[in-house]
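J.: Just so you know, the protein sequences line up as chains A and B, in that order. In terms of this note's numbering, the first sequence opens at residue 66 and continues consecutively. In terms of this note's numbering, the second sequence opens at residue 5 and continues consecutively.
These are computed hints drawn from the structure, not numbers from a lab. Quick caveat: nothing in here was measured; it's all calculated off a predicted structure. It cannot be assumed that every hint is accurate.
What the hints assert, rightly or not - Here chain A is said to cover these stretches of chain B; the calculated rule only asks that three of the stretch's residues, wherever they fall, bring their Cβ under 8 Å from a Cβ of chain A:
#1 51-62
#2 70-82
#3 91-98
#4 102-114
Ideal Cβ positions, reconstructed from N, Cα and C, are used throughout, including at glycine.
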Amino acid sequence: MLELGPIFRALLRQKVGAVLIALQIALTLSIMVNAIFMMQQRSEQMARPSGLDEANLFYLSNTVFGENYNHKAALDDDLRLIRGIPGVLDATQINAIPLSGGGWSMSLQNKAGEGENGIGVAVYMVDEHGINTLGVELIKGENFQSTDIEWRAASAVDWPARTMISQAMAESLFPGKWESALGQTVYINNNEPMQITGIIKTLQAPWNGWDGVERSMLVPYQLEGRNNRYLIRTEPGRRDELMPIIEKALAESDKNRIIRSVTSLEETRNESYRGHNALNKILMLVIVVLTLITAFGIVGLAMFSINRRRRQIGTRRALGATQLQVMRYFMLENLIISSLGVAIGVGAAIGLNIWLVSKFELKPLEPQLLLAGVVALYLVGQLAVLYPARKAAAIAPATATRSV
Amino acid sequence: MLKMKQLGKVFHTGEVSTHALREVDLHVKEGDFVSVTGPSGSGKTTFLNIAGLLEVASCGEFLLDGDNVNLLSDSQRSKMRNQKIGFIFQGFNLIPELNLFDNVDVPLRYRGFDAKERKRRIEQQLELVGLASRMKHLPSQLSGGQQQRVAIARALATSPRFLLADEPTGNLDSQMAQSVMALLEEINRQGTTIIMVTHDHGLAQRAKRQIFIKDGRVSELTAVDGLHSASLHSVAPLPLHGQTADAPRVAGV
Chain A
66 MLELGPIFRA
76 LLRQKVGAVL
86 IALQIALTLS
96 IMVNAIFMMQ
106 QRSEQMARPS
116 GLDEANLFYL
126 SNTVFGENYN
136 HKAALDDDLR
146 LIRGIPGVLD
156 ATQINAIPLS
166 GGGWSMSLQN
176 KAGEGENGIG
186 VAVYMVDEHG
196 INTLGVELIK
206 GENFQSTDIE
216 WRAASAVDWP
226 ARTMISQAMA
236 ESLFPGKWES
246 ALGQTVYINN
256 NEPMQITGII
266 KTLQAPWNGW
276 DGVERSMLVP
286 YQLEGRNNRY
296 LIRTEPGRRD
306 ELMPIIEKAL
316 AESDKNRIIR
326 SVTSLEETRN
336 ESYRGHNALN
346 KILMLVIVVL
356 TLITAFGIVG
366 LAMFSINRRR
376 RQIGTRRALG
386 ATQLQVMRYF
396 MLENLIISSL
406 GVAIGVGAAI
416 GLNIWLVSKF
426 ELKPLEPQLL
436 LAGVVALYLV
446 GQLAVLYPAR
456 KAAAIAPATA
466 TRSV
Chain B
5 MLKMKQLGKV
15 FHTGEVSTHA
25 LREVDLHVKE
35 GDFVSVTGPS
45 GSGKTTFLNI
55 AGLLEVASCG
65 EFLLDGDNVN
75 LLSDSQRSKM
85 RNQKIGFIFQ
95 GFNLIPELNL
105 FDNVDVPLRY
115 RGFDAKERKR
125 RIEQQLELVG
135 LASRMKHLPS
145 QLSGGQQQRV
155 AIARALATSP
165 RFLLADEPTG
175 NLDSQMAQSV
185 MALLEEINRQ
195 GTTIIMVTHD
205 HGLAQRAKRQ
215 IFIKDGRVSE
225 LTAVDGLHSA
235 SLHSVAPLPL
245 HGQTADAPRV
255 AGV
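Given only the sequences and the hints, what does the whole structure look like? Please build it.
T.: Structure representation (structure tokens):
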């Protein structure tokens with residue numbers, strides 16, 4: 066038979082320790098739930114697909130220092146060389162690498178004119194091999210043709226007449242009817258028209274913390290310059306093998322250059338989310354430490370309470386309590402303390418979340434997470450009190466008649 | 005009702021063995037009121053603990069209502085204590101955080117009575133000991149005698165057939181002690197078997213039977229022409245009523 070009433074009334078007369086533990090539980094719950102929520106949001110960000118064939122992509126930088134350098138011819142030679150190496154699926158010159166943290170952005174608008182609202186977009190300049198090299202999915206329209214590719218001089222400020230944009234960008238430009246974006250004319254630099262000739266399912270921008278990270282566009286450009294970057298896609302499983310081979314082949318094909326920063330997309334992703342990972346680890350550590358402190362607090366309070374009540378426990382045993390009933394007493398006592406802590410903690414967690422939402426633009430706390438936190442803390446409480454409760458159950462009934 | 009045959013209890017502390025009880029043979033019948041006296045450290049409390057199933061004997065046989073309790077599990081002994089035995093302790097052993105109602109309720113909950121039945125029994129027992137009007141009071145708000153009365157109410161609440169009292173008047177003044185003793189006698193008259201450990205030979209003499217423990221050995225004192233003699237050893241007369249002594253002088257020992 067449950068003894069919740071007498072346990073509760075007894076706790077009311079010895080409330081200092083119980084209230085302190087309840088507050089500890091409340092603090093742990095409020096911080097734990099919000100920390101997990103922040104971790105969850107970061108994990109969701111990290112799990113967002115970039116749209117690329119990340120596992121088989123790598124890139125390298127090429128810096129030329131020779132005299133009489135023919136940019137266009139050298140670029141064509143390099144790309145021909147790379148694409149000809151067995152195991153390479155495709156390659157393109159590109160101005161920026163998704164997730165790398167550095168790139169170009171412009172804004173597109175539906176109507177020409179300086180007063181029109183533009184929508185920020187990441188710009189990737191690629192040739193007709195761009196789609197295949199990136200591994201993105203073209204869901205509407207068609208890829209660039211080789212005839213579409215324009216040569217962009219280092220000093221150029223104009224833009225080509227065609228573009229492919231991501232679905233998210235299409236949705237931003239044409240809310241609720243992204244499919245209608247195909248064939249539409251949009252404007253870059255306020256007044257320069259570009260026709261949308263393709264829509265890509267997903268292609269993330271270089272900046273993972275940007276709220277428009279899903280908005281990007283491909284522009285049919287090859288770039289003049291002594292520094293350029295090649296993005297290379299290999300057959301599955303051959304990336305690591307081909308990275309040094311291609312680096313060496315390029316270096317040997319022209320002694321007047323340096324090949325550097327040979328980096329896989331996976332490395333770039335890891336680097337890009339290093340801050341997120343570190344914060345998640347710190348938050349996890351905070352949760353673990355807080356939970357342990359709470360658990361040890363519960364153990365300490367329960368052990369203190371049991372040592373103080375040895376005679377009382379012996380008396381209960383003498384009056385007929387089984388060992389199981391003694392254990393149950395302490396576990397129920399903990400359940401009551403935990404319930405008080407959880408009740409305060411739920412309020413505190415919601416309050417803390419409201420503050421975090423207002424200060425850091427986080428999403429509101431999910432009720433399921435709060436519920437999971439409540440269940441977790443009840444479990445922590447019950448597990449923590451298990452050892453003291455077993456100690457209490459082991460107190461001999463003869464303790465009731467001992468004078469000391 | 006209670007039979008002990010060649011019962012012994014040995015405590016081991018490191019390499020030292022202490023024989024707290026030796027070769028105890030005792031038969032307590034239904035309705036008996038047995039007082040247990042003996043010097044400090046003689047084994048009275050150990051005897052009471054074993055009789056009350058709080059400890060297990062090291063050797064011998066102990067039958068309670070025909071059940072060999074040495075063969076019972078801890079859980080079975082707990083249930084038997086709850087169903088058949090009531091305890092009264094020298095220090096009352098009330099739970100300080102609980103009011104009188106909840107204190108008397110403790111063994112009833114372990115018995116598994118429903119709330120209505122528990123309430124009826126608690127009120128009945130507190131009425132019996134004259135404390136029904138104070139059931140919401142805490143033990144600390146009562147005198148020693150009143151606390152012992154609550155302990156008696158608690159012991160009787162489960163309607164035990166067997167009441168074990170460990171120095172029930174030890175912490176009370178003589179007036180309170182007489183009052184508690186009168187209550188125990190009344191309880192015994194109503195059919196409850198009582199074993200009472202006491203240092204007070206005056207109170208001990210009011211029991212129907214008296215046993216004496218010395219060095220772990222139990223002997224029964226029987227009244228012969230106003231004197232008492234041991235069934236195992238001849239003994240000198242006990243001190244006069246109301247006087248206390250640790251041990252009667254045993255002739256020839």
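J.: Checking C-beta pairs, does the stretch 70-82 of chain B have three or more residues closer than 8 Å to chain A?
T.: holds (count 3)
J.: So is the stretch 102-114 of chain B in contact with chain A by the C-beta rule, three or more residues under 8 Å, or is the coverage claim wrong?
T.: Per the Cβ count (8), the hint holds.
J.: For the stretch 91-98 of chain B, do three or more residues have a beta carbon lying closer than 8 Å to a beta carbon of chain A?
T.: holds (count 5)
J.: Counting residues of the stretch 51-62 of chain B whose CB is closer than 8 Å to a CB in chain A, do you get three or more?
T.: holds (count 6)
In this structure, every one of the numbered hints holds.
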